[in-house]
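Spelled out, the chains give:
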Amino acid sequence: MRADTATGGGGGSPGSLYARRKKVYPQKVEGRFRTIKWTVMALTLGVYYLLPFVRWERGPNAPDQAVLIDFPGRRFYFFFIEIWPQEVYYITGLLILAAMVLFLMNALAGRVWCGYLCPQTVWTDLFYAVERLIEGDRRERMKADKGGWTPTLVAEKIAKHTLWLLIAWWTGGAWVLYFADAPTLVRDLATFRAAPMAYMWIGILTGTTYLLAGFAREQVCTYMCPWPRIQAALTDEWALNVTYRYDRGEPRMSVKQAERARAANEPAGDCIDCFQCVAVCPTGIDIRDGLQLECIQCGLCIDACNSVMDRIGRPRGLIGYDTDINIHRRQEGKPEVWRLVRPRTVIYAAIIAIVGGIMLWSLATRAHIDLSVIHDRNPLFVRLSDGGIRNGYTIRISNKHLAPATFRLGLEGLPGAQLEVVGVASAADGIAGIIVEPDATRELRVTVSTPPGAALADATPIIFHLTDAATGETVTTSDFFRAP
Amino acid sequence: MAKKEIDQISGIETTGHEWDGLKELNNPLPRWWLWTFYATIAWSAVYWILMPSWPLLTDYTRGIRGHSQRAVVIEQVEALRALRAQHGADLADAALEDIQATPRMLEFAMANGRAAFGDNCAPCHGAGGAGAIGYPNLNDDDWIWGGTLDDIHQTILYGIRSGHEQARFGDMPAFGRDGLLDAQQVRAVANYVRSLSGLEVEPTADLALGRTIYEDNCASCHGDSGEGMREVGAPNLTDPIWLYGSSLEAIIHRIEVGGGGVMPAWDQRLDPVTIKSLAVYVHALGGGE
Numbered sequence: 001m002r003a004d005t006a007t008g009g010g011g012g013s014p015g016s017l018y019a020r021r022k023k024v025y026p027q028k029v030e031g032r033f034r035t036i037k038w039t040v041m042a043l044t045l046g047v048y049y050l051l052p053f054v055r056w057e058r059g060p061n062a063p064d065q066a067v068l069i070d071f072p073g074r075r076f077y078f079f080f081i082e083i084w085p086q087e088v089y090y091i092t093g094l095l096i097l098a099a100m101v102l103f104l105m106n107a108l109a110g111r112v113w114c115g116y117l118c119p120q121t122v123w124t125d126l127f128y129a130v131e132r133l134i135e136g137d138r139r140e141r142m143k144a145d146k147g148g149w150t151p152t153l154v155a156e157k158i159a160k161h162t163l164w165l166l167i168a169w170w171t172g173g174a175w176v177l178y179f180a181d182a183p184t185l186v187r188d189l190a191t192f193r194a195a196p197m198a199y200m201w202i203g204i205l206t207g208t209t210y211l212l213a214g215f216a217r218e219q220v221c222t223y224m225c226p227w228p229r230i231q232a233a234l235t236d237e238w239a240l241n242v243t244y245r246y247d248r249g250e251p252r253m254s255v256k257q258a259e260r261a262r263a264a265n266e267p268a269g270d271c272i273d274c275f276q277c278v279a280v281c282p283t284g285i286d287i288r289d290g291l292q293l294e295c296i297q298c299g300l301c302i303d304a305c306n307s308v309m310d311r312i313g314r315p316r317g318l319i320g321y322d323t324d325i326n327i328h329r330r331q332e333g334k335p336e337v338w339r340l341v342r343p344r345t346v347i348y349a350a351i352i353a354i355v356g357g358i359m360l361w362s363l364a365t366r367a368h369i370d371l372s373v374i375h376d377r378n379p380l381f382v383r384l385s386d387g388g389i390r391n392g393y394t395i396r397i398s399n400k401h402l403a404p405a406t407f408r409l410g411l412e413g414l415p416g417a418q419l420e421v422v423g424v425a426s427a428a429d430g431i432a433g434i435i436v437e438p439d440a441t442r443e444l445r446v447t448v449s450t451p452p453g454a455a456l457a458d459a460t461p462i463i464f465h466l467t468d469a470a471t472g473e474t475v476t477t478s479d480f481f482r483a484p
Numbered sequence: 001m002a003k004k005e006i007d008q009i010s011g012i013e014t015t016g017h018e019w020d021g022l023k024e025l026n027n028p029l030p031r032w033w034l035w036t037f038y039a040t041i042a043w044s045a046v047y048w049i050l051m052p053s054w055p056l057l058t059d060y061t062r063g064i065r066g067h068s069q070r071a072v073v074i075e076q077v078e079a080l081r082a083l084r085a086q087h088g089a090d091l092a093d094a095a096l097e098d099i100q101a102t103p104r105m106l107e108f109a110m111a112n113g114r115a116a117f118g119d120n121c122a123p124c125h126g127a128g129g130a131g132a133i134g135y136p137n138l139n140d141d142d143w144i145w146g147g148t149l150d151d152i153h154q155t156i157l158y159g160i161r162s163g164h165e166q167a168r169f170g171d172m173p174a175f176g177r178d179g180l181l182d183a184q185q186v187r188a189v190a191n192y193v194r195s196l197s198g199l200e201v202e203p204t205a206d207l208a209l210g211r212t213i214y215e216d217n218c219a220s221c222h223g224d225s226g227e228g229m230r231e232v233g234a235p236n237l238t239d240p241i242w243l244y245g246s247s248l249e250a251i252i253h254r255i256e257v258g259g260g261g262v263m264p265a266w267d268q269r270l271d272p273v274t275i276k277s278l279a280v281y282v283h284a285l286g287g288g289e
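If you read the sequences in order, they're chains A and B.
Each residue of the first sequence is one higher than the one before, counting from 1 in full-length UniProt numbering.
Each residue of the second sequence is one higher than the one before, counting from 1 in full-length UniProt numbering.
There could be a bad hint or two in this list.
Unchecked claim - Below, simulated BS3-like cross-link-like pairs (lysine-lysine); rule was C-alpha separation at most 30 Å, straight line:
(1) A:K146 with B:K4
(2) A:K160 with A:K146
(3) A:K334 with A:K146
(4) A:K160 with B:K23
(5) A:K160 with A:K143
(6) B:K23 with A:K22
(7) A:K22 with A:K160
(8) B:K4 with A:K23
(9) A:K28 with A:K160
(10) A:K146 with A:K256
(11) A:K146 with A:K22
(12) A:K23 with A:K143
Said to hold, decoys possible - Computed Cβ-Cβ distance ranges for the label pairs, DEER-style:
(13) A:Y199 with B:E24: 34 to 42 Å
(14) B:I12 with A:Q257: 29 to 37 Å
(15) B:V73 with A:D64: 49 to 57 Å
Think of the hints as simulated: they come from the structure by calculation, not from any bench.
Note that the Cβ used here is the ideal one computed from N, Cα and C, for glycine as well.
For reference, chain A alone in the conformation it holds in the complex (with noise of 0.2 Å):
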């Protein structure tokens, strides 16, 4: 991979050290690739802004919106899936999930996610979108933008930054909703009443978003991100990349020296150095010197090489997702070969079913409550004025339901034993009535005591066992009785 292309050379005055940005001024386009790109756009921008604002019924004790990272409540509300604190390790698993997956769109097709998913490419290419529609496309931007300042000029520059800030505020403040409820926050921030924190946060959001996409735009996936690094160490050659063919784009010539050298039947490349593959990258890079570290693989240069080819009659796909190996064979006149199926990419889907497999089936199976046990190390045990022999333990209760629960606390592996529970009445074969709050854990001090004269060994495993009233869900947590 090269990464001199775009930076290098000393782009400022003569012996700089210091090299100044060579503006990326890039073209309209319309193809295939273009519209892949617009319908990502639509679908992920949709989602990001509008899902705030779906509704999902949870009853009185919880809140009403779909997908809700509820801070002061510690708890995580996505759909019908309730995360608490304690089960942050599903936020490992989704971590592993989008890497696996990072990993697997990088193994079928280079860097896809950089091309069409990745926010940078996709509010970068929004902001284009707008800069184009208020002053024009390419040419007329280089024009205007060397000619000086004219009142024109003055007034775009003015309605294009309005207009880019308008989607950055939206932006940061579509970013808040997902921390509170979004009709009300709507509210409170239009009437000024919302927590400092939240305006902080669209200030925050709107500033980066502004200037990452309006400014920053390419430089971010350039000098800032981390993945063509690590995409650069993780792909093979069977990987799809946007490439240029050059055994079919070789020599480079006009369409008529290429009529003539045909003719005479002289090699001739399809490439006609039109240089539109290079007006309308994004990354302001020449995709015809391979593959490169700045290259996000959009495929735009596709869409705006086989518009050409369709001009000058020749076939499309000059430039192609292709791989090195089959330029390489088809040089040598050997067919093409894909191969999707390969032991790295069959790994990451298998690790992408294993961990979702895994997710999906605690997500299903886990309990709506829970009994976590913690015996007393300070002292481990009390011999009782009977001669008897108590343990005490503290308790945690969980209640993940969203109405209060009544729970009954038992004990098995000591027989004759007494449970009791502080601030609980006991009975007879365990204790019951212990009432919880809705979506709330109650601690609890337990106390296990053997009548005189048991014969207990150093340490006996007993289980406890906590049976939800309501619904007869039972969880269970082995522990120890300590004895002398």
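Given chain A, work out where chain B should sit, using these hints.
Coordinates of chain B only, in the frame set by chain A:
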């Protein structure tokens, strides 16, 4: 720089710097990066003015914002106190039994009591309330002065033999030191006391003599059968729990020197809510009565 020099291999201009034949290529940094760097330098200057930053000989610059970590901590502690006072207000008015029966109050009292126990009680009674020789174990069910919530509350408030006018008081005479019993009698009654709780006695022990001595000297406080008496803090001698140890020597020593431990009164040192919390916590430790 006199003349541009282009590196043959990479085609990149050199900076003209050379070390032992190695030439540095000019791969320029982006200019915005440079400006970001300048901005951070400017920001550091702003920071020096706003925040405490420069050490002086005996002091330091305080910055115009007057920020100090200590003030922040004090503020946070005050906020926490205010929050706790709010929770504690309920406890102040509630009866001990009600605190125990109300989950929200119980939770606060347990947390508050645990913290206060660690600060004030643990030096004698141990971090977990397990006690030591002479300091009662608060986890068992043997209560010298009673183990109900009110008993425990009373003990914490006024102490035991603390000198407080409402303190509980009980005195075990120094039978040996004061010449009330001779050594042989002490040994005999010590053996008898051990027999009360089923402990082994010396083969040579005169249990009949011990019993007579017990009935004459000890039964008035410890009860006819050694069951103890809470009004005067006389421990139960029939159970397996021994405040000063159950060995013959330990019991002989106790009969010789008499006396008992002192528990300080806390009514002047801790606020009522904390004392209530402690009572609930200690009651929960030992299962209470």
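To see whether the hints hold, each was checked on the structure:
A threshold of 30 Å between alpha carbons decides the hint, and for K146 of chain A with K4 of chain B the separation of about 28 Å falls inside it, so the pair holds. Distance check on the hinted pair: K160 of chain A and K146 of chain A sit about 18 Å apart at the alpha-carbon level, within 30 Å; holds. Distance check on the hinted pair: K334 of chain A and K146 of chain A sit about 50 Å apart at the alpha-carbon level, beyond 30 Å; violated. For a cut-off of 30 Å, the pair hint linking K160 of chain A to K23 of chain B is broken: about 45 Å separates their Cα positions.
Annotation: proposed proximity of K160 of chain A to K143 of chain A holds, straight-line Cα distance about 17 Å (limit 30 Å). Between K23 of chain B and K22 of chain A the CA atoms are separated by roughly 26 Å; this keeps the pair inside 30 Å, and the hint holds. Simply put, K22 of chain A and K160 of chain A have alpha-carbon atoms about 20 Å apart, close enough for the 30 Å limit, and the pair holds. For the proposed pair K4 of chain B and K23 of chain A, the alpha carbon gap of about 25 Å is at most 30 Å, so the pair holds.
Only pairs whose Cα atoms come within 30 Å are accepted, and K28 of chain A paired with K160 of chain A is accepted, the gap being roughly 17 Å. In summary, the hint linking K146 of chain A to K256 of chain A is not supported, as the alpha carbons are separated by about 34 Å, beyond the 30 Å threshold. Simply put, K146 of chain A and K22 of chain A have alpha-carbon atoms about 13 Å apart, close enough for the 30 Å limit, and the pair holds. The straight-line distance between the Cα atoms of K23 of chain A and K143 of chain A is roughly 13 Å, inside the 30 Å bound, and the hint therefore holds.
Between Y199 of chain A and E24 of chain B the Cβ separation comes to about 48 Å, which falls outside the hinted range of 34 to 42 Å. At about 32 Å, the CB distance of I12 of chain B to Q257 of chain A agrees with the hint of 29 to 37 Å. Between V73 of chain B and D64 of chain A the beta carbons are some 40 Å apart, a value that contradicts the proposed interval 49 to 57 Å.
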